[in-house]
Amino acid sequence: MNATRSMLICDDEEELAHELGEYFASLGWHVALAITAEEAIAQLRGGLAPQVLITDLRIGAVDGRQVVAEARALPPALCPALVIIITGHVMHNVTAADLDSDFLYVKPVDPTEVLDDIGSFLAGVAPPPA
Amino acid sequence: MILARNSRSPGLLKLGLVVASIALFLATALVYVLQTRQQAFLTATIRSSGWVAYQAQLEFVKTQAEFAKLAIVPSTLGMDKLMLRLELLRSRLPLLYDSDEGRVLSDIVDTRGPTQIFETRLDQIIDEVGKLDPEDGGTARELKRLSQELDPLGEALQTILMQSVAYNQEIFQRERALAQRPGALPLVMLFVSGACLAAVLILQARRDRMRLNDVREAQAALAAMEENLRAVIQAVPACVVVADPDTDKVNFINPSAAALVSPSLDDPAWPRFVRAVRAAAGEPDTRRWGALSMGYARSPGDIISLRGSVGAVLWERRPQQLIVVVDTSQVRNAELQVMQAAKLATLGEMATAIAHELNQPLAVIKMAVANARRLLDPLPGGEPVAAKLERISAQVDRAKRITDQVRRYGRMPTEQLLPFSLRHAVELAAGFVAEQFRAANIVLSVEAGVPAELLVFGEQTMFEQVIVNVLINARDAFETQELRETQELRETQELRETQELRGSQESREARDNRLAPATGDAPPFAAAGTARREVQVSIRQVEERAVIAVQDNAGGVPEDILERMFEPFATTKSTEKGTGLGLSLARSVVRDMNGTIVAENVGAGARFTITVPASLINASRDAA
Chain A
1 MNATRSMLIC DDEEELAHEL GEYFASLGWH VALAITAEEA IAQLRGGLAP
51 QVLITDLRIG AVDGRQVVAE ARALPPALCP ALVIIITGHV MHNVTAADLD
101 SDFLYVKPVD PTEVLDDIGS FLAGVAPPPA
Chain B
1 MILARNSRSP GLLKLGLVVA SIALFLATAL VYVLQTRQQA FLTATIRSSG
51 WVAYQAQLEF VKTQAEFAKL AIVPSTLGMD KLMLRLELLR SRLPLLYDSD
101 EGRVLSDIVD TRGPTQIFET RLDQIIDEVG KLDPEDGGTA RELKRLSQEL
151 DPLGEALQTI LMQSVAYNQE IFQRERALAQ RPGALPLVML FVSGACLAAV
201 LILQARRDRM RLNDVREAQA ALAAMEENLR AVIQAVPACV VVADPDTDKV
251 NFINPSAAAL VSPSLDDPAW PRFVRAVRAA AGEPDTRRWG ALSMGYARSP
301 GDIISLRGSV GAVLWERRPQ QLIVVVDTSQ VRNAELQVMQ AAKLATLGEM
351 ATAIAHELNQ PLAVIKMAVA NARRLLDPLP GGEPVAAKLE RISAQVDRAK
401 RITDQVRRYG RMPTEQLLPF SLRHAVELAA GFVAEQFRAA NIVLSVEAGV
451 PAELLVFGEQ TMFEQVIVNV LINARDAFET QELRETQELR ETQELRETQE
501 LRGSQESREA RDNRLAPATG DAPPFAAAGT ARREVQVSIR QVEERAVIAV
551 QDNAGGVPED ILERMFEPFA TTKSTEKGTG LGLSLARSVV RDMNGTIVAE
601 NVGAGARFTI TVPASLINAS RDAA
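The listed protein sequences correspond, in order, to chains A and B. The first sequence begins at 1 in UniProt numbering and counts up one residue at a time. The second sequence begins at 1 in UniProt numbering and counts up one residue at a time.
Just so you know, the hints here were simulated from the structure itself, not pulled from any lab data. In this text, all values refer to a predicted model and were calculated from it rather than measured experimentally. For glycine and all other residues, C-beta sits at the position ideal for the given N, C-alpha and C. Honestly, I wouldn't trust all of these hints.
Stated by the list, open to error - With the Cβ distance kept under 7 Å, some of the chain B side facing chain A (calculated, not the full set): (1) P237; (2) N359; (3) Q360; (4) L362; (5) A363; (6) V364; (7) K366; (8) M367; (9) A370; (10) N371; (11) Q395; (12) V396; (13) K400; (14) R401.
Said to hold, decoys possible - With beta-carbon atoms standing in for the labels, derived distance ranges: (15) A/R58 to B/R401: 17 to 25 Å; (16) A/T4 to B/L379: 36 to 44 Å; (17) B/L562 to A/A81: 51 to 59 Å; (18) B/Q395 to A/T4: 43 to 51 Å.
What the hints assert, rightly or not - Short derived list, chain B residues pointing at chain A, Cβ under 8 Å: (19) A351; (20) I354; (21) H356; (22) R374.
All chains should be built: construct the whole structure from the sequences, respecting the hints.
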């Protein structure tokens with residue numbers, strides 16, 4: 001495994017957040033969980049600075065898109081390198097870029113697929129220190 | 001007929017008036033002539049009366065002269081002469097009042113009064129004269145006395161004569177005046193008045209004729225209007241029936257009504273219909289549309305919905321009942337269909353929501369399976385559990401496929417139909433499945449007989465999905481066929497392997513020229529089982545429509561399935577493969593595009609034909 005990587009998972013579906021968190025934690029990731037968008041935004045502003053942000057779109061009063069916007073607005077030091085959206089909604093002709101994210105998955109998604117994508121993305125964008 | 005009678009009776013009246021006026025005219029002329037004649041006769045009579053007075057006077061003078069002669073020389077001869085004169089005078093007197101002439105005269109002057117009293121005296125004088133002796137010396141004196149005694153008679157006669165003369169003179173003057181003023185004048189006046197009367201009659205007749213013409217024109221206009229109204233009644237799509245309210249007998253029907261119940265007015269179905277309408281209407285006169293709403297059994301099992309009104313009407317001068325109804329069965333059916341569609345839409349929305357909600361636990365299961373597998377990995381002897389986890393994961397994938405299809409199926413159709421290039425969309429769809437087809441050893445060829453500019457209207461992604469679904473269906477058909485034939489073809493295993501080898505070679509060729517029409521040595525559609533697997537997609541334009549045909553040689557579809565092929569969950573596939581919604585979704589999408597999709601067995605396989613409206617205009621907006 002490479003150097004420790006960190007991740008913030010935001011999903012109001014608690015079990016899903018836990019399973020996904022457990023999966024990545026077992027692979028040596030630092031995983032922070034947030035059940036609401038407000039919580040996620042608070043953690044981001046509090047200087048969590050995760051490398052990867054995974055969020056659902058419909059998570060209560062505040063939308064997942066707002067979480068993404070908040071994350072993107074953070075200073076570079078705190079800004080996540082990779083933003084992933086996992087949504088339960090099928091949207092026609094909507095791509096990851098439309099939602100200002102790097103990957104867009106529709107539930108249910110295999111976590112190994114997510115892991116592969118993260119791996120290849122981070123390898124390209126932010127090569128880990130040797 | 002009444003019109004003719006009306007026109008003849010004034011003619012008779014007019015003729016009668018003319019005849020009467022001519023008769024009156026002639027009568028008037030006749031009366032005039034008669035009167036003129038009578039007047040002439042009267043004038044003659046009056047003149048005669050003058051003559052009577054004159055003669056009486058003359059006789060008196062002669063008598064007096066005889067008296068005078070005798071008074072000088074009395075003689076017997078003279079006495080006799082006097083006697084004669086006296087008797088003549090006596091006879092003249094009654095004539096003054098007791099003859100035609102005398103009666104006329106007595107109208108002018110009183111002739112009886114002054115003369116009658118002398119008649120007796122004259123008789124006495126005649127007697128006295130008869131007794132006188134001419135030889136007697138006193139005779140002369142006596143005669144003188146008698147003569148004097150008659151003097152008043154002379155005066156009276158003188159008066160009568162003078163008055164008679166005066167009257168005659170008056171008449172004479174009037175006659176002369178009449179002669180001077182032409183006597184034809186009144187006759188002319190009569191003629192003029194007659195002519196006036198005739199003119200008035202002619203004018204009146206003329207005016208009557210003109211009025212009659214007006215009435216005739218109005219009646220013609222009325223008849224034309226009635227004809228038009230009748231044409232309207234004949235043409236209206238509503239059923240118009242006129243029935244007798246007492247006998248239920250139908251007196252008039254329009255073609256719609258004839259088509260509804262019976263073209264014959266004597267059909268016993270008509271009284272039955274009228275009674276049914278009356279029973280349904282409740283009130284006998286409800287003009288309000290919709291007051292009548294009923295079901296009518298045209299024949300056993302054929303019940304239709306009718307809606308309309310019933311009202312009193314004066315039809316051919318008799319009070320009748322007017323029934324106007326419209327067959328609303330189709331509207332009813334449409335309403336039911338709309339309700340059904342609304343229900344389905346609600347169900348669709350619910351299904352979409354349910355599918356979405358199901359995806360959440362499916363996601364959790366998927367994650368949990370991944371975690372369980374990871375936890376199981378380091379443990380020895382975990383393979384059977386790992387197999388179960390694999391199955392769980394596969395079932396989650398299957399459930400996901402179902403929810404995906406349900407969400408697509410339940411999606412509301414877009415209101416707006418956007419143009420896109422048909423050929424482009426079909427090629428994209430073919431490209432999407434190309435890998436799967438290669439893996440399944442199926443040769444996919446697209447024969448685009450239309451330009452890329454040919455546009456169809458809808459949502460391109462959904463349409464691509466339709467083509468994909470139909471292609472996937474074909475691919476799965478080959479696998480079903482393969483399963484079916486595995487047993488039968490066990491003995492020809494070797495041959496099959498050879499074929500598959502050749503198929504994979506072609507597959508490699510196809511990779512280089514993916515969408516090129518299939519060419520090859522093998523006949524394209526040989527008998528199933530012995531031929532290579534092939535799916536041909538062809539696009540043609542037929543007038544204003546585009547026809548996309550997808551033909552396989554996978555052995556076709558069983559007839560019983562063919563009928564309900566596009567119904568949801570009608571599938572021949574194994575549960576691992578099909579959701580049973582793919583073709584149903586395809587039909588839904590094609591229908592949204594105002595098109596049709598049909599399936600049939602052709603040759604060695606099935607053919608799906610999609611027909612959608614297409615156009616070459618707006619080519620500049622060709623979908624990218």
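Going through the hints against the structure:
no.: 1; hint: P237; result: 44 Å, violated
no.: 2; hint: N359; result: 4 Å, holds
no.: 3; hint: Q360; result: 5 Å, holds
no.: 4; hint: L362; result: 4 Å, holds
no.: 5; hint: A363; result: 4 Å, holds
no.: 6; hint: V364; result: 5 Å, holds
no.: 7; hint: K366; result: 4 Å, holds
no.: 8; hint: M367; result: 3 Å, holds
no.: 9; hint: A370; result: 5 Å, holds
no.: 10; hint: N371; result: 5 Å, holds
no.: 11; hint: Q395; result: 11 Å, violated
no.: 12; hint: V396; result: 6 Å, holds
no.: 13; hint: K400; result: 6 Å, holds
no.: 14; hint: R401; result: 11 Å, violated
no.: 15; hint: A/R58 to B/R401: 17 to 25 Å; result: 22 Å, holds
no.: 16; hint: A/T4 to B/L379: 36 to 44 Å; result: 26 Å, violated
no.: 17; hint: B/L562 to A/A81: 51 to 59 Å; result: 55 Å, holds
no.: 18; hint: B/Q395 to A/T4: 43 to 51 Å; result: 35 Å, violated
no.: 19; hint: A351; result: 13 Å, violated
no.: 20; hint: I354; result: 12 Å, violated
no.: 21; hint: H356; result: 5 Å, holds
no.: 22; hint: R374; result: 6 Å, holds
Hint check: violations occur at hints 1, 11, 14, 16, 18, 19, 20; the rest are consistent with the structure.
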